[in-house]
Amino acid sequence: AQKVTQAQTEISVVEKEDVTLDCVYETRDTTYYLFWYKQPPSGELVFLIRRNSFDEQNEISGRYSWNFQKSTSSFNFTITASQVVDSAVYFCALRLMNRDDKIIFGKGTRLHILP
Amino acid sequence: GAVVSQHPSRVICKSGTSVKIECRSLDFQATTMFWYRQFPKQSLMLMATSNEGSKATYEQGVEKDKFLINHASLTLSTLTVTSAHPEDSSFYICSANPGGGGYTFGSGTRLTVV
Chain L
1 AQKVTQAQTE ISVVEKEDVT LDCVYETRDT TYYLFWYKQP PSGELVFLIR RNSFDEQNEI
61 SGRYSWNFQK STSSFNFTIT ASQVVDSAVY FCALRLMNRD DKIIFGKGTR LHILP
Chain A
1 GAVVSQHPSR VICKSGTSVK IECRSLDFQA TTMFWYRQFP KQSLMLMATS NEGSKATYEQ
61 GVEKDKFLIN HASLTLSTLT VTSAHPEDSS FYICSANPGG GGYTFGSGTR LTVV
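Taken in order, these protein sequences are the chains called L and A. For the first sequence, this note's numbering gives the first residue as 1, with consecutive numbering after it. For the second sequence, this note's numbering gives the first residue as 1, with consecutive numbering after it.
The shape of chain A in the complex, shown without the other chains (with noise of 0.2 Å):
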């Protein structure tokens, strides 16, 4: 079946550095991705749809200057958070349609800030 890869898996940071994610789509290409955040006992909540070869689009609160996102080819979307404090500690999870209104989801990154 059609699979998104994630890494990394776990991430711990400084405040004040940037840290990227990467969700890749391995066996089919995913034209628009879905990025989502979780926080401990909460629901995702998604933060971005990344479009390949354009800008990405954002949910009303989340700030595109601190979570950039890029979507360089039909395969691969990167997150990167930057300049991360602790309340950016999260669950952070990306998805894909591979077709046929299914989404398949990447395994996740839990990221810390210390």
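Chain L on its own, in the form it takes in the complex (with noise of 0.2 Å):
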């Protein structure tokens, strides 16, 4: 079966400290997308980042930057220097290739940055 989980149910950080976002995921499969959705209080998802299980490359994009890491099933995600801006429900999530196209959330994790 597959699994994500995020162990940080809420993480307050001082706005420009760096925080580093939790998830782990549990599958058999080889091949797979895993993501990073942003949930601000509006309730829409916003779109994070997209990795497939071929590509452990580590990608940053300005202040974020992601840790993906096969060896022991964990895709991290890090926000350097930050904003209040940024205070929102983090989802990781897992999708299998080549099965039913369904994504798999992790519980979230809830982020406060404290001006």
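The hints are simulated quantities; they were obtained by calculation from the structure and are not laboratory data. Careful, some of the hints might be misleading.
[What the hints assert, rightly or not] Below, computed lysine-lysine pairings styled on DSS-like, alpha-carbon distance capped at 27 Å:
hint, chain 1, residue 1, chain 2, residue 2
1, L, K102, L, K38
2, A, K41, L, K16
3, L, K70, L, K102
4, A, K41, L, K102
5, L, K3, L, K70
6, A, K64, A, K14
7, A, K20, A, K41
8, A, K66, L, K107
9, L, K70, L, K107
10, L, K102, A, K20
11, A, K41, L, K107
12, L, K16, L, K107
13, L, K102, A, K66
14, L, K3, A, K64
15, L, K3, L, K102
16, L, K38, A, K41
[As the list claims (entries may be wrong)] Ranges of calculated distance between the beta carbons of each label pair, as one might list FRET restraints:
hint, chain 1, residue 1, chain 2, residue 2, range
17, L, V85, A, F39, 23 to 29 Å
18, L, I11, A, S54, 38 to 44 Å
19, L, A1, A, E87, 23 to 29 Å
20, L, S71, A, P8, 43 to 49 Å
21, A, K20, L, R63, 37 to 43 Å
22, L, S71, A, N51, 35 to 41 Å
Don't be surprised by glycine CBs; every beta carbon is placed ideally from N, CA and C.
Hints given; two lone chains; assemble the complex.
Below, the structure written as structure tokens:
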């Protein structure tokens, strides 16, 4: 069975601090996609990144960076120099390739950036 | 980029009435759409997968007679909450895959049953 675990339910940091959101996934399949989404208070889901299982290269996009390690089944997300606008719930998700298209979400991490 | 338009964004209805939520893929065809439900401070739980021209596939524990799904065209899927009750109050969100492995989500519908 597939599973996504986000052990951190809620995190609070002071603005300008760096923060890392953890994500651990479980699957026996060797081909899959991993995602991160941001959900601000308005409720919409904002796509942040998609990574496929063949590509373990880490990625940086502005203040955001992602560390994908297949050896530990982790796909962690770091925000550097956090800002108040980063306050949101962040979801990590998994989808198997060549299957029924379902996305499995973690329980989310609620991030509070304090001014 | 690919857009999924979801309406209404908010709806309040009386207990016992039915509510219809629409999701449209605006610039791509979606043979499959996914419906999720999210209770406050919880994750998104997949309710069902709607398939154009055929019956929807419901996840375990989701009542298909209560949550009617219709996917009549390649760009429109609807979810009807029938005989709604306060416990059905939730945030409902749809999604579709425009291709390339990614997913696009609608903006969600906040349903309140009073």
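Going back to the hint list, which numbers does this structure go against? The structure conflicts with no hint, since it agrees with every one listed earlier.
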